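A.B. asks: Turn these sequences into a full structure, and let the hints steer you where they fit.
So you can see what is in the structure, the chains are spelled out below.
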Amino acid sequence: MRCFVGTILCLTSALQAQTAPPSSAPFREKQIPREAGFRVFIVPDMEGMGSAVDIREVIAGNEGERYKELTSPDYWDRFRLLLTREVNATIRGARSAGARSFVVNEGHGGNLFANVLPWELDSSAILVRGFPKPLVMVTGIDSSFGTLMFTGAHANAGSPGVLAHNFAFDSFTVNGNILNEVGINALIAGELGVSVSLVSGDDVLIAETQKIVPSGFVAIVTKRAVGRSAAITYSPAKVRRMLQAGAAEAVRRERRGDFKPFTMARPYRVEFKLRQTYPDSIVQAVAGLQEFKLERKGDRHFSYVTDSARQMGWLLDAIEEAVLR
Amino acid sequence: MKPAIMAAVLAVPGPAWSQGQVARDTMPRDTTPPAAAFGVTEYRLARQKLEQDMQRGGFSVYIIADMEGLAGAVRNQTEMRPVSRGGSPQHERFRQELTDEVNALITGARAAGATQFIVNEGHGGTLFRNVLVDRLDPEAILIRGYPKPIVMSTGMNPMVDAMMIVGAHANAGSPGIISHNFAFDSFTVNGKVLNEAGIAAFIGGEMGVPLGLASGDDVLTAETREMLGPIETVTVKTAFSRSAAAVLPPATVHRTLRQAAARAVRRVKTGELKPLKLQKPYRVRFCLRRSFTEDEWVRKTVGRLEGVADGASPGCFVYTSNSAEEVGNLLNEVEWTVLKP
Numbered sequence: 001m002r003c004f005v006g007t008i009l010c011l012t013s014a015l016q017a018q019t020a021p022p023s024s025a026p027f028r029e030k031q032i033p034r035e036a037g038f039r040v041f042i043v044p045d046m047e048g049m050g051s052a053v054d055i056r057e058v059i060a061g062n063e064g065e066r067y068k069e070l071t072s073p074d075y076w077d078r079f080r081l082l083l084t085r086e087v088n089a090t091i092r093g094a095r096s097a098g099a100r101s102f103v104v105n106e107g108h109g110g111n112l113f114a115n116v117l118p119w120e121l122d123s124s125a126i127l128v129r130g131f132p133k134p135l136v137m138v139t140g141i142d143s144s145f146g147t148l149m150f151t152g153a154h155a156n157a158g159s160p161g162v163l164a165h166n167f168a169f170d171s172f173t174v175n176g177n178i179l180n181e182v183g184i185n186a187l188i189a190g191e192l193g194v195s196v197s198l199v200s201g202d203d204v205l206i207a208e209t210q211k212i213v214p215s216g217f218v219a220i221v222t223k224r225a226v227g228r229s230a231a232i233t234y235s236p237a238k239v240r241r242m243l244q245a246g247a248a249e250a251v252r253r254e255r256r257g258d259f260k261p262f263t264m265a266r267p268y269r270v271e272f273k274l275r276q277t278y279p280d281s282i283v284q285a286v287a288g289l290q291e292f293k294l295e296r297k298g299d300r301h302f303s304y305v306t307d308s309a310r311q312m313g314w315l316l317d318a319i320e321e322a323v324l325r
Numbered sequence: 326m327k328p329a330i331m332a333a334v335l336a337v338p339g340p341a342w343s344q345g346q347v348a349r350d351t352m353p354r355d356t357t358p359p360a361a362a363f364g365v366t367e368y369r370l371a372r373q374k375l376e377q378d379m380q381r382g383g384f385s386v387y388i389i390a391d392m393e394g395l396a397g398a399v400r401n402q403t404e405m406r407p408v409s410r411g412g413s414p415q416h417e418r419f420r421q422e423l424t425d426e427v428n429a430l431i432t433g434a435r436a437a438g439a440t441q442f443i444v445n446e447g448h449g450g451t452l453f454r455n456v457l458v459d460r461l462d463p464e465a466i467l468i469r470g471y472p473k474p475i476v477m478s479t480g481m482n483p484m485v486d487a488m489m490i491v492g493a494h495a496n497a498g499s500p501g502i503i504s505h506n507f508a509f510d511s512f513t514v515n516g517k518v519l520n521e522a523g524i525a526a527f528i529g530g531e532m533g534v535p536l537g538l539a540s541g542d543d544v545l546t547a548e549t550r551e552m553l554g555p556i557e558t559v560t561v562k563t564a565f566s567r568s569a570a571a572v573l574p575p576a577t578v579h580r581t582l583r584q585a586a587a588r589a590v591r592r593v594k595t596g597e598l599k600p601l602k603l604q605k606p607y608r609v610r611f612c613l614r615r616s617f618t619e620d621e622w623v624r625k626t627v628g629r630l631e632g633v634a635d636g637a638s639p640g641c642f643v644y645t646s647n648s649a650e651e652v653g654n655l656l657n658e659v660e661w662t663v664l665k666p
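Same order as they appear, the protein sequences are chains A and B.
Take the first sequence: its position 95, counted from the start at 1, is 95 in my numbering, and no numbers get skipped.
Take the second sequence: its position 189, counted from the start at 1, is 514 in my numbering, and no numbers get skipped.
The hints are simulated quantities; they were obtained by calculation from the structure and are not laboratory data.
Hints are supplied without guarantee of correctness; some may be wrong.
[Said to hold, decoys possible] The calculated DSSO-like cross-link candidates involving lysine-lysine, where the alpha carbons are at most 30 Å apart (straight line), are:
| hint | chain 1 | residue 1 | chain 2 | residue 2 |
| --- | --- | --- | --- | --- |
| 1 | A | Lys30 | A | Lys260 |
| 2 | B | Lys374 | A | Lys238 |
| 3 | B | Lys625 | B | Lys605 |
| 4 | B | Lys517 | B | Lys602 |
| 5 | B | Lys517 | B | Lys599 |
| 6 | B | Lys374 | A | Lys211 |
| 7 | B | Lys594 | A | Lys238 |
Being a predicted model, the structure only gives us computed values, none of them experimental.
C.D. replies: Here you go:
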């Protein structure tokens with residue numbers, strides 16, 4: 001929008017500024033082809049994977065202006081391979097316990113959700129990659145999945161974990177409960193009857209997620225944070241062994257009924273605060289999302305009431321697009 | 326080479342890709358205290374976290390991995406920094422060399438009965454991420470990333486049996502390859518001159534952990550023996566200037582490191598190598614690197630750090646403490662201050 005400060009025309013149009021619906025909206029009802037056997041939905045993120053500590057290791061540099069200076073292909077490229085091997089180890093473990101169908105949905109925004117190396121990934125897996133996508137971190141999930149696993153997850157915004165953050169938020173609550181990214185996505189899956197069976201990440205992420213998801217999960221501590229960009233880390237080979245053993249245990253316990261879908265009372269009363277570090281243009285874009293009837297409670301503070309966690313997922317996608325657009 | 330000429334040589338601008346830094350004085354200053362601004366885990370908590378991962382019994386070796394003293398390495402700009410930090414692709418080869426030398430120490434120490442290995446990244450040119458994580462001995466725990474508490478001694482604790490430092494460099498002012506000492510031109514405790522290896526030995530020494538081995542150029546090995554006594558040292562090159570040396574073949578260096586690491590473990594086990602103990606209270610005197618003291622903001626901020634008082638001349642300070650870990654933490658605070666934009 002081109003306008004001159006002070007003109008009434010400019011003010012009016014700014015007030016009425018409408019953000020376009022997310023470009024993935026027409027694809028919201030699409031489904032991943034069904035496969036026979038026990039199905040596992042895996043969400044690999046990068047911040048919590050073994051060895052990774054620095055943002056340069058998880059950002060490709062093409063994610064937009066704000067990320068240009070945060071890249072280092074000499075590191076990110078190495079970590080893509082390690083990431084892919086972690087996913088493969090998880091699949092191997094789940095398969096050894098009887099799982100037969102695997103969907104891997106890129107959970108990390110680096111390189112715009114294209115970090116896993118398709119040609120190195122276990123050949124039995126379907127890979128969801130690219131951006132935007134309707135449910136971001138759980139795009140393609142449906143009630144046919146037997147279980148949900150999060151690898152390489154990171155601690156919540158404000159927590160003392162490695163590269164801790166939460167989507168575009170400084171805080172995000174549903175019905176007053178603080179949720180991190182795992183919690184938010186567990187809720188969307190929980191509504192479909194799918195429970196979380198495995199979470200891997202640093203010690204801070206694991207401790208906070210155990211408080212969020214009450215029925216528990218197999219927890220894999222991939223490293224211990226000693227700073228936002230520093231950690232006590234283990235050999236990638238050791239982390240892969242832990243993931244493989246953990247995924248096998250997760251499938252066995254899931255099939256035994258140890259884990260419950262993560263649910264909350266409806267309607268969901270969502271409150272979130274956009275990151276203070278974001279420019280006003282992003283806040284304006286979110287405020288302009290007409291579809292979701294957000295109530296603005298403060299400069300960056302919004303509330304939203306819905307009966308559908310899936311719709312809340314669409315909102316996350318819309319916000320991600322406003323940030324990365 | 327006289328200092329004045331050296332400064333002139335260093336002042337010649339490098340190629341465009343190395344000119345990432347904006348002049349410090351033209352940038353607005355963040356005034357939050359350094360440690361809080363970086364969100365670093367408190368050093369005692371970091372120590373607890375490492376202790377949780379350590380086995381009881383057995384023999385644990387804590388290896389500090391620096392780069393200036395690696396076999397073959399002579400030049401900071403091209404060999405010590407990655408492309409993304411204003412360096413060159415040659416850095417990748419030296420990451421491999423670093424990993425090889427650390428693995429050689431582990432192999433040697435294991436042969437002498439060591440059972441656990443903690444590797445702490447000690448080189449800042451890449452924000453403490455130099456070891457190739459997938460080529461390091463798979464049994465080792467690796468502490469990586471920046472900033473982290475007590476940079477070169479993160480997580481150090483009394484459960485460790487022996488420390489080793491590989492790729493170390495000579496003290497600030499010494500005629501060694503890329504010689505320096507954190508952010509200092511001089512650093513003494515109770516009048517004893519300490520280089521980076523010596524400071525690590527001091528922090529570990531208070532916990533009863535000896536530094537058993539140091540490797541680097543001839544200047545580093547000589548000065549460290551003088552500082553700490555007859556510990557195991559491996560001389561990997563002979564310095565001919567701050568950026569030229571006669572270097573030994575890496576394969577020879579790896580073999581020597583293996584043998585020396587085994588000897589170090591045996592000598593620690595027999596009690597022959599002892600921890601460095603200094604008299605309390607520790608009276609620390611340090612002078613900031615000259616290039617930093619010209620910056621009034623840095624001088625003032627360091628002067629305001631808790632427990633620090635002005636020393637004999639501008640840019641020099643005194644600090645007294647009963648805890649070597651606290652001294653290590655002070656080093657961090659100073660480091661963060663000078664590195665802060």
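A.B. asks: Does each hint hold? Answer for all of them.
C.D. replies: Evaluation of the provided hints:
{"no.": "1", "hint": "A:Lys30 with A:Lys260", "result": "holds, 26 Å"}
{"no.": "2", "hint": "B:Lys374 with A:Lys238", "result": "holds, 18 Å"}
{"no.": "3", "hint": "B:Lys625 with B:Lys605", "result": "holds, 27 Å"}
{"no.": "4", "hint": "B:Lys517 with B:Lys602", "result": "holds, 12 Å"}
{"no.": "5", "hint": "B:Lys517 with B:Lys599", "result": "holds, 17 Å"}
{"no.": "6", "hint": "B:Lys374 with A:Lys211", "result": "holds, 20 Å"}
{"no.": "7", "hint": "B:Lys594 with A:Lys238", "result": "holds, 29 Å"}
In this structure, none of the earlier numbered hints is contradicted; all agree with it.
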